[in-house]
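Participant: Protein sequences appear in the order of chains A and B. Residues in the first sequence are numbered from 45 upward in steps of one, following my numbering. Residues in the second sequence are numbered from -8 upward in steps of one, following my numbering.
These are computed hints drawn from the structure, not numbers from a lab. Beta carbons are placed, not taken as given, at the ideal position from N, Cα and C, and that holds for glycine. A hint or two may mislead.
[Claimed, not checked] Derived list of chain B stretches under chain A, where covered just means 3 residues or more per stretch with a C-beta under 8 angstroms from a C-beta of chain A: (1) 174 to 184; (2) 247 to 254; (3) 286 to 297; (4) 403 to 413; (5) 482 to 496.
[To be verified] Using C-beta positions, here's what the derived DEER-type ranges look like: (6) A:D103 to B:D463: 45 to 53 angstroms; (7) A:L355 to B:N436: 18 to 26 angstroms; (8) B:S128 to A:A130: 47 to 55 angstroms.
What follows is each chain in one-letter form.
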Amino acid sequence: MLRFLVRRFLGAVVTLFIISAVTFMLFYAVPRDPARIACGKVCTPETLELIRHNMGIADPMPTQLWNWLTGIFLGRDYPGFGNCDAPCLGYSFVNREPVLGTILDRFPTTFSLFLGSSVVFLIFGIGTGMVAALKQGKATDKLASSASLIASSMQIYFVGTLALYVLVYQWQILDQPGYTPFTDNPAQWFSGLLLPWLILALIFTANYTRMTRSQMVEQLNEDYVRTARAKGLSRQNVFFRFAWRGAMGPIVTIFGIDMGVLLGGGMITEKTFSIQGIGLLAVKSAGNNDLPMLLGVMVITASFVVICNILVDACYALIDPRIRLA
Amino acid sequence: MSFSRRNFLIATGVAAASGSVLTACSSGDTTNNTGGGKQDAAKANATEIKIGTAEDSKGPAPEVSGAKKGGTVYLLNDDDFSHLDPQRIYYAWNSLAAVVLSRTLTGYKIADDGSMTLVGDLATDTGTMEDGGKKWSFTLKDGVKWEDGSDVTVDDVRHGFERAYSDFITEGASYAQIWLSGTSEYRKSYSGPYKGKHLKSIEVSGKTITFHLSEARPDFNYVLAMHSYAPTPVKKDAKQDYDKKPVSNGPYKIKSHTTDKSMVLVRNENWDPATDPIRNAYPDQFDFAFGIEQLTAIDRLLADAGKDQYAVSWRTIPQERLQKARAEAKDRIFEELGSGVSCYWINTTRVEDKAVREALIKAWPTAGIRQLLGGEVRGDYATGIMSPLVAGYESQDVWGKLKNPAGDPKAAKEVLKKAGKSGYKVVYAYQQDPQQTKIKVVIENALKAAGFEVVTKAIDSTTWYDQIGKLDNGFDVYWGGWSADWPTGYSVFQPLFESTQVVEQGSNYSHLKDPAVDAAIKAATAEADQDKANKMWAALDKQVTETGAFIPDVYMRRIYMHGSKLGNVKMDPNFDGCMLYKLYVKS
Chain A
45 MLRFLVRRFL GAVVTLFIIS AVTFMLFYAV PRDPARIACG KVCTPETLEL IRHNMGIADP
105 MPTQLWNWLT GIFLGRDYPG FGNCDAPCLG YSFVNREPVL GTILDRFPTT FSLFLGSSVV
165 FLIFGIGTGM VAALKQGKAT DKLASSASLI ASSMQIYFVG TLALYVLVYQ WQILDQPGYT
225 PFTDNPAQWF SGLLLPWLIL ALIFTANYTR MTRSQMVEQL NEDYVRTARA KGLSRQNVFF
285 RFAWRGAMGP IVTIFGIDMG VLLGGGMITE KTFSIQGIGL LAVKSAGNND LPMLLGVMVI
345 TASFVVICNI LVDACYALID PRIRLA
Chain B
-8 MSFSRRNFLI ATGVAAASGS VLTACSSGDT TNNTGGGKQD AAKANATEIK IGTAEDSKGP
52 APEVSGAKKG GTVYLLNDDD FSHLDPQRIY YAWNSLAAVV LSRTLTGYKI ADDGSMTLVG
112 DLATDTGTME DGGKKWSFTL KDGVKWEDGS DVTVDDVRHG FERAYSDFIT EGASYAQIWL
172 SGTSEYRKSY SGPYKGKHLK SIEVSGKTIT FHLSEARPDF NYVLAMHSYA PTPVKKDAKQ
232 DYDKKPVSNG PYKIKSHTTD KSMVLVRNEN WDPATDPIRN AYPDQFDFAF GIEQLTAIDR
292 LLADAGKDQY AVSWRTIPQE RLQKARAEAK DRIFEELGSG VSCYWINTTR VEDKAVREAL
352 IKAWPTAGIR QLLGGEVRGD YATGIMSPLV AGYESQDVWG KLKNPAGDPK AAKEVLKKAG
412 KSGYKVVYAY QQDPQQTKIK VVIENALKAA GFEVVTKAID STTWYDQIGK LDNGFDVYWG
472 GWSADWPTGY SVFQPLFEST QVVEQGSNYS HLKDPAVDAA IKAATAEADQ DKANKMWAAL
532 DKQVTETGAF IPDVYMRRIY MHGSKLGNVK MDPNFDGCML YKLYVKS
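Throw the hints in and build the complete structure from the sequences for me.
Facilitator: If you want it as structure tokens, here you go:
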């Protein structure tokens, strides 16, 4: 296991380096000039050059990439903005803050959104899928399958906006969505995130319901399950100890990917509910031409996906003894 | 238009002291124009700005009828302020907050009817001019203090000007630095105050500060109302970090600020209302929430529940909620002419023949474009580049656009034919978004009907100003906008039409190089008599319009909304947002 983790970790570092370099070059290859934005209305060429120097974007692109990479380990000084301590993922000229600090500031919001919605969609998604598999072909199965089909075809920006309008603005039965740190006020943390959790979970629940159902149905028809039944094991024992465990592999894989994506920010959810997480930060940075921030978010998001994938691979061995980590 | 806020601000340069003269409140029941009809002259009632006396400069500000102190006001914004360090403030958005944090030597006292008077804010009056405007002196009032209780001194005022020369300050206005140093490359002559040297062109003595300018600037006292020229305390200057928590000398101070998330302003106990003729400061606290989408903010205000009853949005009501807002919350809408003027630049280095430019202007479907952008609420049809809110504005209609805002393809075709330019190829550049793409079609059809061959080029909106700012941009016509930095004509005509500004990424977007226009700008700039100067600027508005360097579009409007428990919520004509220092919390 240790050898596996070390090897995957090294692979992840290489992957992240390639992602960072490619993203960096793509962003800086486009004909955008963040200096122009900071230069004001009456912008002289001298001022423009000074701002480029202050931003550290006056150098050739390979030098900029090198400076960015070394900044991660050694920190950097931006003449016009101040110091960016290691690990420095760049400096946002729009927010006037080091990129990493802003992302870390937004992380608890995005993590809370991920946490709450995951709990909801895992419980309801997997639970409903299992019930549907257990009642295969019956009314319960048909109802669960139809409901999940409808829910999975919904879009967050539509359902979310509708729910906001009806439940918050019109009926006023739910609080205005927002983020309050759990440590400040657990009740407000819960009430402010309840609607985003439910809406985000609605879409994911449907996916997990369908996947769990199909995996469970498949597993229930496997030879080893039939053998277990033939040996006289109870229905519950067969269902939970054998079939459920076998079905979990693909679900964990998908959850690993979803986890990486959600930790990188649920852009549409955060935008719909004006929640200041990493997703909304990315959207706003794109609108504001804030390339350093976008690059930072990209790298952090990619890191989450890579790390979550390693965790998923590690979990395989725990879930399914047939898989050995070599 | 659907330009991003940041881009829009750059385009219009909605700047720190884009002071307006006056105000044309329009009622909340304005209905959309059908888009094809005529329109009388701009609705704005332009009046001359009054320059106040020493008596006008004394505090406290006149009480607002029915107002009382106390309560918290909630501000729903999509974006945070890009700068709060006064020397880094240029755009109006930042000034909306800075106006209650950073007082300047002069400022605008706004009456209940919207009329404005230039008064001494930190200074005892609007200054003493000598040598035709080359020398200006101001004396500080007694009792003006920083939030820590220390006095605002002339050294602090001088420090504000001097630190604007520093390498890290590039975002603020540069007018005064150029005049104080006599060169646009002012950083070469002085590198800022941090090595112990002072500017020779500023003298301080006791409570008096004197500026020696390289050229006559009779309107220098207007310029000093820009937040770029607010004082910064010498002892508390944290250089780059000062932007995060500037020291206040206004009625409020920053209690907390998390970039792009929230900011709380509380009372500055060391502010003395007796020294302030401008600000009332009724609420105890302002809570800013950033990251609230424009539509969300308006929906919350429409619902008018809980804390949102005490809230105000700083973004214009989006088109899709306008009718609903007017129907359901008419009494909670405030709408006024903004300081921005929208136009379409004609690249005069490419379209050299004036007859072609005239044909373009005559053919231009201004009414159709405005209709696509929301109709009358988008703005009043413009006839020039000078806003009705700039001192001296005179209604004119060189091209007959008010009579025929929909465009006159027949007349345009005639002009083209007469000039022997039928089938002239025009390259029209536009920002690639759904709304601008629709507008492109309207323009393309109108120009084709007038006998032009039209080539359209879509530009990524994030690179728009980089692209059109190039000297060799390859386009004939493109959208733009502007607003004055202070309410005289200089900051409109000099940046936009002086030939010195035809440089790479310069502000003369039409690339006009006209010796007659240059001479007229120089003459109006040097005129010491403000009434005469204002008339000269108005004449210049007509003169530049006649060159055909741009197609007038609209004098832009702003429409905002607030919660039911706020009173006296009014638009700040200087900064195109609500006046924090005049509103109050009801009950």
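Participant: Does each hint hold? Answer for all of them.
Facilitator: Right, here's what the structure says about each hint:
| no. | hint | in the structure |
| --- | --- | --- |
| 1 | 174 to 184 | holds (count 3) |
| 2 | 247 to 254 | holds (count 4) |
| 3 | 286 to 297 | holds (count 7) |
| 4 | 403 to 413 | violated (count 0) |
| 5 | 482 to 496 | holds (count 5) |
| 6 | A:D103 to B:D463: 45 to 53 angstroms | violated (25 angstroms) |
| 7 | A:L355 to B:N436: 18 to 26 angstroms | violated (58 angstroms) |
| 8 | B:S128 to A:A130: 47 to 55 angstroms | holds (51 angstroms) |
Hint check: violations occur at hints 4, 6 and 7; the rest are consistent with the structure.
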